[in-house]
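The residues making up each chain are set out below.
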Amino acid sequence: MTPFTPSRRTLLTGALGLALSGTLSGCGAFGHGARVREWNLFGGGDGARLLQIHEKFVAEHPDIAFEAHTLAWGPPFYTKLAMSAAGGRAPEVATLHLSRLKGFSPTTMLDPIPLDQLTEAGITEQDFLPETWNRCLVDGRLYAVPLDQHPFVLYYNLEICKKAGLLGPDGRIKPVKGVDAFLEMLKAVKDTTGKFAASVETTNPWRLWWTLYGQLEGKFFDDSGSRLALDDAKALEALQLMAKLAADGLTPKSSDYPSLVAQFTNGDAGLSFNGEWEVTTYQTAKMPFSMAPFPVVYDVPKYAGDAHTFVLPHQAGRNKDDTAATITYIAWMLKHSADWAAGGHIPAYQPVVASPEYLNLKPQAEYRSVAPDVLYDPDAWFSGSGAQLQNEAGAAFAGVFSGRTTPRQALDQFKAATQKLLDTPSPV
Amino acid sequence: MAVQTPTRTSTTEARHAQEPPRNGPPWIEKWGGLFFVAPFGVLFAFFLLWPTVAGLWNSFFNTSLAGVKQEFLGLQNWREMFGDPAVWDSLKNTLVFTAMSTPPLVIIALVMALLANRKGLLGWLLRFSYFAPFVLPATVVTLIWVWIYQPGFGLVNGLLTAGGFAEIDWLNDENRAMLAVVITTVWWTVGFNFLLYLAALQGIPEQVYEAASIDGANGRQKLFRITLPLMSRTTGLIIVLQLVASLKIFDQIYLMTDGGPNYATRPIIQYIYESGFTSYRIGYASAISYLFFAIIVIVAVAQFKLFSGKKEAV
Amino acid sequence: MSGTVERRFTFPKVAIIVGAVLLAAVWLVPLLWAIDTSLKPEPETTQTPITWLPGAPTLDAYQSVLEQGSILRWFLNSTIVAVLVTSLTLLVSVLAAYGFSRTTFPGRRVLFGILIAGILVPPQVLIVPLFQEMSGLGLVDTYWGMVLPQVVAPVMVFVLKKFFDGVSRDFEDAARVDGATRLRIVWSVMVPMSRPILVAVGIFTFIGAWNNFLWPFIVTTDPSMMTIPVGLANVQGSYGLRYAQIMASAVLGGLPLLIVFALFQRHVVRGVGDAGIKG
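Protein chains in written order, with the numbering used here: chain A, 1 to 428; chain B, 1001 to 1314; chain C, 2001 to 2279.
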C-alpha cells in the first residue's frame, strides 16, 4: 500500500488498494518506511525519461516509499506548489527552476537544505559551478540543489542541412556568426524544405528574444535591480529580426509549442530554436538530427536558459526520516544525472560532466560548452521560467511574428506590463 | 410544472396556528427548532459567512500567500484595483462572453425543447443528444474541443480545408478565441436551459391544444399563439439564470486558452485566481473578489426587481 | 405539439424530424469524434487529411491511460466527494428546511434572512479567503476540505423550505398523536412526502459535485487527492502530443455520468428541470 494514507482515511484503504493497483506510484510492500513524495513539471520526453530513472531509484531503495507526480508545466505547477506549501501539506521534494527561487519566497515557502546531511550523502559545494551554487543561496542558506542547466540551443535535421550544404566535413553544422550569415543559413534551409527554415514557439518567443537581446549585451534592470533599464534600440533590433524571420517565411507566423515540435519532426522545418529538452522526443521519432549551440547572431555568446533544482517545500511538521530519505534521493539523482542528461540537459553536478558516460552522449554533449554563458531571466519576484514576466513577453511579442503588432508596439506593451509589475508591491 | 405537488391544504393552515400538542419541556419547546437548523447553520457560518467577512478584511491588508508579514494598507488595494487595466479588461471579457453566449444559449435551448418534446424512442434519443454534453466535466469538454480546434489535423479545420476554405487558428487568434470558447460553452451547457424549457412545455395542459384544434388552429398558429406566449416567463427566468451563470465564467476559458492569447479571453475570476494564488497577493485578490461580488449582487437584485410582483416564476 | 388528430406524415412534420435529428447529430459529433480518436493508433491521429474511422481500431490508448495515469484514483476521489456532498447536502438541508418551515425559535426570521442573503454570495468570490481558511484548518488536500464548502447550499434549503410549507400538516399531527418526535416526523413523514423534490435536488447536487472544477481545483494540490475534472486538467500538460491518450482519458472521464444519464434519463430530465426552476 502507498504509505501516504493518513489514519483518518484508513476506512477507505481497501477501496484505495483497488484503485491504486493500477497507478504508477513507486510503492512497495513497506508500510512504515520513510516516504518521499516528489513533484515535478516534466512532460513529454523529459517526463518519460524521469519515469525510467525513478523506476531505477525505487528498485535500488526498497526501504523508501517513493511516489512521483507530474503536474502541468509552468504556472499550474508553480501555483500548486506554492498553495501546497502554504497549506502545509507539501510533498517532501519538488523541482524548481533556479530563476524562480527568490520569487518563491524561500524563507517562508521552502525549508532549507540540511547541508550536513547533504555532505554526508557525498554532495558538496565543490561539485558545482560556483555561479550556479551561489544562486541557490538565500540569506546565506542553501535552499536548492541544482540538477542541470538547460540553455536555448539549435536543433538541426541532418538530412535537410546536408542537402542545404550547411554541414562541415565532420558532419556537424558549420557555426555561423552575425546576422547576415544567420539569415543566409536560414534561407538555405528554407529553400531545401520548401516550407520553413526553423520552428519556433511564436506564442511565447521569450527565450529567443532574451537570447538575442542578451547577445546584444542588453540590460534589463539598472544596478539597483529595481528600475527598468531596457535598451530600446537593442530590444527593437532583436524584435525586428524576429519580425523579419516570420515575414520572410523563415519561421511560421503562428505556432505554439506542440506545433514547434511537430514541424521539426515532420520536416516542415529543418532547424528548431528551442531548449535542449526535446532530444528524447526526436530520438523516439527516429529522425536524423543533431544539436549545436545557438548561433552567435550578435556580439557575445549568450544563451537564454535556466536550471532545474531540487527544493524542499515547506511542511508544517517535517519528518526526520523522510528528510533523510529525501536527501538520499537528491544525491542519488545528481550522481545518476548522466541518465538525465541523455534527455538533453547539461548536468550541474560536475563529476558527471567530466565522466565519459556523459561525454559520449551524442548529441547531448555537443553544446555543453555553453554552460557558463547561460543567461538566466532577470532577477525579480515576477520573473523566471513560466512566471509572469515571461507571460507578459509572450502576450506582447507573439504579435511580432503574426504581423499583428509592430516591434515598437510590442516593446511598448511589454515595457508597460513590466513597469506595472515593478510598481506592484512585492508579495514575497 | 412537472413536479407533482403533494396534497396542498391551505384551509388547514389556520387550524394549526395554535398547535403543537407536545414537544417536551418548555426550553425544548422554545429552542428545539434551532437544533434542526444548527448543522446547516454551523456549516453556513464556517464556510460561507466567515470567508465572506475574512475576504473583506483581507482586502485592507497586503496579505500574501507566501505568509510574509502582513500590514494594514487601508484602501490601497482598492485604489490599485480601480486603476488596474487588467481588472477592467478581464471584466470586459467577462461581459463580452456573457453577451455572446446568452442569446444562443436561450434560443437554441427553446428550439431544442420544441423539437424534443415528443414521446417514444425518437424523443429519448433527441433528449439524450441535446443534454448529454451537460453531464460532462469541464475538463472533458475542453480536452475534446481543444482537440477539435487544432490547426491542421483538428476536426473543424480538417472540414474547413476539405471544403476548400482557409484554416482558422481558433484558439491562438485574439479575434477568434472568445468565439471558440462560446461555441464550446453553448454545446456544453445549452442542455440545462433545454431541460428548463422542456419542463415548462410539458407543464402546458394538453386541453389547451385540444381546444385550439377544435377552433381550427394549425400547428404554426398553436406554436406562435399558445406555446411561445406561455413560454415567456420561463424565458425570462432562463435569461436571468443564464446571465448570472455566464458572469461566473472560469473553467472553460482557463482550461482552453488560459485567458490568452494576449489576455483576450481572461475572465475576472481568472484574474482573481492569478492575483491571489499565482502571484500570492491574497489581499489584492480579495479586493477584486468584492468588486465582482458587487456586480453579481446588482444583477441578482435587478433579477429580483424584475420577478417580484409575479407570484410564481413559472 | 403532440396530441393532434392527424397522424399522416406531412411535409412540415418530416422537415421538423429531419431538423431535430440533424441538430442531434451535430451535438453528438464532438463526442463521437473523441471516441473515434481514442481508438486510433497514435500516428493516425495527426494525419492530414483527417481520417474518419481508425484504420485498425485499438484499445492501446486506454491501456496506457489506465496504466500510467492516476485516473482510477481520481474516479475514486470523485465518487467519494460526490457521494458525501450529495448525502450531506440532503441531510443538513432537509433538517434546516424543516426547522425553518415547521418550528419556531427566537431569531428564526433573522437567520432565514441571512440564509436568503447567502444565496446571493457566489462561491467563486470566496475561493481566496476560503483557501486561506482551509489552509489554517489543515484541510487542504483532504476530502473534507473539498466536501464541506460544497454542502453549504442555501438555495437548496430555500427550495425545500418552500416545498415543506406546502405539505399538509395533517400527517404530522397524526404522527405526533402517536408520540413521534419531531426528528422522527422529518424522517417518516416529510422525507417520503417530498421524494420527488429530494430526488431532483439529489441528482442536481450529484452532477454538480461530480463536475465541480473550481473549488476542488483550488483546495487540492496533491495529484493523488484530485477529482476527475481536476486531475484530467493535468493530463493536458503531461501527455504531450498523444491525442489518442488524451481523448481516451476524456472518454473515461465523461463516461460514468453519461451512463448514469442514459439509464436514468427520465429522473434527470425531470430533476434538473424541477430543481432549476425552483432554484
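Calculated from the structure, these hints are not laboratory results.
Treat the numbers as computed from the prediction; the structure is a model and nothing was measured.
Just so you know, not all the hints are guaranteed correct.
[Unchecked claim] Distance condition first, Cα-Cα at most 30 angstroms in a straight line; then the derived DSS-like pairs of lysine-lysine:
| hint | chain 1 | residue 1 | chain 2 | residue 2 |
| --- | --- | --- | --- | --- |
| 1 | A | 163 | A | 174 |
| 2 | B | 1119 | B | 1030 |
| 3 | C | 2013 | B | 1248 |
| 4 | A | 174 | A | 102 |
| 5 | C | 2162 | B | 1248 |
| 6 | A | 187 | A | 56 |
| 7 | B | 1030 | C | 2162 |
| 8 | A | 163 | A | 56 |
| 9 | B | 1092 | A | 415 |
| 10 | B | 1305 | C | 2161 |
| 11 | B | 1305 | C | 2162 |
| 12 | C | 2013 | B | 1119 |
| 13 | A | 362 | A | 415 |
| 14 | A | 102 | B | 1305 |
| 15 | A | 320 | B | 1069 |
| 16 | B | 1030 | C | 2161 |
| 17 | A | 286 | A | 320 |
| 18 | B | 1069 | A | 253 |
| 19 | A | 162 | A | 174 |
| 20 | A | 195 | A | 174 |
| 21 | C | 2013 | B | 1222 |
Checked hints:
About 13 angstroms separates the Cα atoms of residue 163 of chain A and residue 174 of chain A, which keeps this hinted pair within 30 angstroms; it holds. Simply put, residue 1119 of chain B and residue 1030 of chain B have alpha-carbon atoms about 52 angstroms apart, too far for the 30 angstroms limit, and the pair is violated. Pair hint residue 2013 of chain C plus residue 1248 of chain B does not hold up; C-alpha atoms about 40 angstroms apart against a cutoff of 30 angstroms. Using a Cα cut-off of 30 angstroms, the hinted pair residue 174 of chain A and residue 102 of chain A is violated, with the two alpha carbons roughly 39 angstroms apart.
Note on residue 2162 of chain C and residue 1248 of chain B: the hinted pairing holds, with a Cα-Cα distance of about 27 angstroms set against a maximum of 30 angstroms. At most 30 angstroms may separate the alpha-carbon atoms for a hinted pair to count; residue 187 of chain A and residue 56 of chain A exceed this at roughly 45 angstroms. For a cut-off of 30 angstroms, the pair hint linking residue 1030 of chain B to residue 2162 of chain C stands: about 23 angstroms separates their Cα positions. Taken as a hint, the residue 163 of chain A and residue 56 of chain A pair is broken in the structure, with Cα atoms around 41 angstroms apart against an allowance of 30 angstroms.
About 23 angstroms separates the Cα atoms of residue 1092 of chain B and residue 415 of chain A, which keeps this hinted pair within 30 angstroms; it holds. Straight-line distance between C-alpha atoms of residue 1305 of chain B and residue 2161 of chain C comes to about 22 angstroms, which keeps the hinted pair within the 30 angstroms bound. Among the hinted pairs, residue 1305 of chain B with residue 2162 of chain C is consistent with the structure: their alpha-carbon atoms are about 20 angstroms apart, no more than 30 angstroms. Pair hint residue 2013 of chain C plus residue 1119 of chain B holds up; C-alpha atoms about 15 angstroms apart against a cutoff of 30 angstroms.
Distance restraint check for residue 362 of chain A and residue 415 of chain A: the Cα-Cα separation of roughly 40 angstroms exceeds the 30 angstroms cut-off, and the hinted pair is therefore not satisfied. Restraint check: the Cα-Cα separation between residue 102 of chain A and residue 1305 of chain B comes to about 52 angstroms, which exceeds 30 angstroms; the hinted pair is violated. The straight-line distance between the Cα atoms of residue 320 of chain A and residue 1069 of chain B is roughly 28 angstroms, inside the 30 angstroms bound, and the hint therefore holds. A C-alpha spacing of about 20 angstroms is found between residue 1030 of chain B and residue 2161 of chain C, which places the hinted pair at or below 30 angstroms, so the restraint holds.
At most 30 angstroms may separate the alpha-carbon atoms for a hinted pair to count; residue 286 of chain A and residue 320 of chain A exceed this at roughly 46 angstroms. The straight-line distance between the Cα atoms of residue 1069 of chain B and residue 253 of chain A is roughly 46 angstroms, outside the 30 angstroms bound, and the hint therefore fails. Among the hinted pairs, residue 162 of chain A with residue 174 of chain A is consistent with the structure: their alpha-carbon atoms are about 11 angstroms apart, no more than 30 angstroms. Pair hint residue 195 of chain A plus residue 174 of chain A holds up; C-alpha atoms about 22 angstroms apart against a cutoff of 30 angstroms.
Under the criterion of a C-alpha separation no larger than 30 angstroms, the hint pairing residue 2013 of chain C with residue 1222 of chain B is consistent with the structure, at around 14 angstroms.
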